[in-house]
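Chemist: Each chain, written out:
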Amino acid sequence: MNILVCIKQVPDTETKIKVSGSSIDTSGIKWVLNPYDEFAVEEALKIKAAKPETQVRVLSVGPKARVVEALRTALAMGADEATVVDAPETLDSLSVAKALVGAAKKIGEFGILLSGKSAIDDNNFAVGQMVAELMGISHVTSVTKADYTEKGALVEREVEGGAKEIIEVDFPAMITTNKGLNNPRYASLPGIMKAKKKTIQEFSLADVGVDASLVRVQYTHFELPAERPSVQMISGDPQEQAHKLAQLLRQEAKVL
Amino acid sequence: MAKILVYLETANGKIKKTSLELLSACQGHESHALLIGDGLKDAAESLKKYSVSSIHFVQNSALKNYNSSYFFAAALGVVSKVNPDVLLGSSSLGTKDFFPRLAAKLDAGFLNDCTTISIQGNSVKVKRPLYSGKCLAEAQFTENSKIKIVLMRPNQLPVPTEQASSPQLFEESFVPPTTGVRVKEVSQGASSKPDLTEAAIIVSGGRGMRDAEGFKILDGLAEELGATLGASRAIVDAGWVPHSMQVGQTGKTVAPNLYIACGISGAIQHLAGMSSSRVIVAINKDPEAPIFKKATYGIVGDVFDVVPKLKEEFKKILAH
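Going line by line, the protein sequences match chains U and Y.
Quick note: to get our numbering, add 3 to the position in the first sequence (first position is 1).
Quick note: to get our numbering, add 6 to the position in the second sequence (first position is 1).
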């Protein structure tokens with residue numbers, strides 16, 4: 004059974020974001036593989052380790068020039084093959100999902116689809132479920148534990164208040180991954196060397212049947228969040244500090 | 007005027023506060039309520055206090071616990087019947103799971119975690135944080151999106167004042183579809199408190215709590231405030247508390263009215279998940295800790311001295 008891992012390249016958490024009104028200034032951004040997608044790649048490699056005939060393909064939609072780097076990261080970790088769909092970064096979640104599905108159908112058949120539960124840049128938490136619906140398969144999101152059988156998986160996902168849901172899901176299925184599922188490996192040096200030599204399959208949006216002008220959601224303006232007023236330090240011994248804070252929270256901040 | 011279908015979640019037979027908040031975004035529009043679950047009659051009746059045109063409730067024993075396929079099918083049935091311009095919900099572990107699937111089915115745009123929404127005629131504009139709150143973006147739906155699907159971040163809108171109306175109540179039929187997703191078991195949660203992402207008050211602890219035993223002094227403080235407990239990544243990785251409690255980049259993004267950070271230094275990783283909280287209190291021994299840069303009120307001191315006193319003071323003030 005082959006595995007498709009849908010990944011996204013995102014700005015590193017530590018990167019400073021610069022905005023210029025109607026767009027994000029992407030110069031100087033350090034791009035990385037989305038951390039939640041690392042769990043998805045690792046999970047695919049773990050399944051492959053147990054069943055070596057499994058082929059793991061990673062797939063990403065975005066500006067080809069930079070996105071191939073994220074794909075090479077996944078190849079260096081141990082994925083077998085990679086595909087990129089060259090697309091502008093202004094695509095909305097549904098168009099990305101359609102492009103992923105269009106590409107997946109051209110590539111072949113997959114029993115397990117994996118992706119991070121969300122991308123840390125736009126945090127829309129949507130593409131995995133959308134891919135599942137467009138392919139007519141089941142999905143489970145935010146998975147923290149998974150055991151696989153021939154026909155499906157027994158997975159655990161967190162529900163409200165820290166409770167766990169144990170779900171049996173039949174393949175083919177999309178499983179979106181959360182922290183806790185595994186510990187993503189670092190790419191080895193030989194892995195990195197091997198990844199450099201691999202050919203990455205390329206599609207255009209037209210190849211996968213998506214029209215970038217038909218997005219359903221558009222960003223119109225970006226701004227930096229308002230600066231928080233500077234901190235009010237509360238002095239005194241612990242008793243005084245506690246008393247003053249309680250008063251401030253009730254009378255000034257009005258949150259108690 | 008837009009026709010809005012608003013999905014209201016229930017917990018223990020009552021409509022959640024984070025769902026009632028959505029009704030303020032519906033004011034001035036034709037709004038219809040959607041409830042999904044089991045034993046919803048009282049919750050549906052309670053909605054009559056608010057200005058809505060109709061209330062659709064889908065109740066079935068199969069909907070007692072969340073199942074993505076069932077909730078998807080139940081919601082889709084009502085969407086097809088009401089045919090709204092806007093489908094609105096509150097961002098939660100459940101809605102985030104099945105709303106995107108609805109969007110794909112309905113060929114609609116979807117925006118999660120919005121902090122403001124403005125609905126004018128047929129146009130819907132929202133604001134939402136990007137890059138873990140490092141940037142605030144305005145987004146809108148294009149005319150290609152026949153239905154606009156929005157999930158609001160909790161604690162952003164006020165619950166509207168009650169206003170008698172006489173909505174029509176519709177109990178919708180439901181037949182569980184065949185599905186490849188079967189919920190085998192739901193373990194009881196560690197907490198009966200609202201989830202971190204929906205909590206109005208959060209008490210959070212970090213390395214400064216010394217160890218798993220030390221962290222426990224926060225239980226009493228949280229109890230006093232009816233707060234949900236959170237944690238920094240360091241102590242989740244150290245195994246003191248489960249990952250479900252982690253606030254930050256690889257944990258949860260939270261925006262409560264009050265966030266009390268105890269013994270948390272404030273790594274970027276952590277700040278990314280909580281810096282849009284309305285009021286932030288930081289208690290830390292180190293006056294140079296980065297958390298103070300984001301805090302509204304700061305106390306330099308040992309959490310083991312300050313927290314017990316705070317508990318007493320909160321008890322006193324909450325008694326009035």
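Think of the hints as simulated: they come from the structure by calculation, not from any bench.
Treat the numbers as computed from the prediction; the structure is a model and nothing was measured.
Hints are not guaranteed to be accurate.
[Stated by the list, open to error] Here are some of the chain Y residues that sit facing chain U, going by a computed Cβ distance under 10 Å:
#, residue
1, 23
2, 75
3, 174
4, 176
5, 178
6, 181
7, 225
8, 229
9, 252
10, 271
11, 281
12, 326
Yeah, the Cβ is synthetic: ideal placement off N, Cα and C, and Gly gets one too.
Chemist: All hints are to be evaluated individually against the structure, with a verdict given for each.
Modeler: Against the structure, the hints:
Violation of the interface hint for residue 23(Y) is found here, the shortest Cβ-Cβ separation to chain U being roughly 14 Å, above the 10 Å cut-off. Interface hint at residue 75(Y): satisfied, since its Cβ lies 7 Å from the closest Cβ of chain U, which is below the 10 Å cut-off. Hint status for residue 174(Y): violated, given a least beta-carbon distance of 30 Å to chain U, over 10 Å. Of the supplied interface hints, the one on residue 176(Y) is violated, with its beta-carbon coming no nearer than about 26 Å to a beta-carbon of chain U, more than 10 Å.
Because the smallest distance between the Cβ of residue 178(Y) and any Cβ of chain U comes to about 21 Å, over 10 Å, the interface hint for this residue is violated. Annotation: residue 181(Y) was flagged as interfacial toward chain U, and the flag is violated, the nearest CB pair being 18 Å apart, outside 10 Å. Checking residue 225(Y) against chain U: minimum C-beta separation of about 14 Å lies over 10 Å; hint violated. Nearest Cβ of chain U to the Cβ of residue 229(Y): about 15 Å, over the 10 Å cut. The hint is violated.
At its closest, the beta carbon of residue 252(Y) sits 8 Å from a beta carbon of chain U; the interface hint therefore holds under the 10 Å criterion. The interface hint given for residue 271(Y) is broken, as the beta carbon of that residue sits about 15 Å from the closest beta carbon of chain U, more than 10 Å. Annotation: residue 281(Y) was flagged as interfacial toward chain U, and the flag holds, the nearest CB pair being 8 Å apart, inside 10 Å. The closest approach between the C-beta of residue 326(Y) and any C-beta of chain U is roughly 9 Å, which is under the 10 Å cut-off, so the hint is satisfied.
Checked against the numbered hints above, the structure breaks hints 1, 3, 4, 5, 6, 7, 8, 10 and satisfies the rest.
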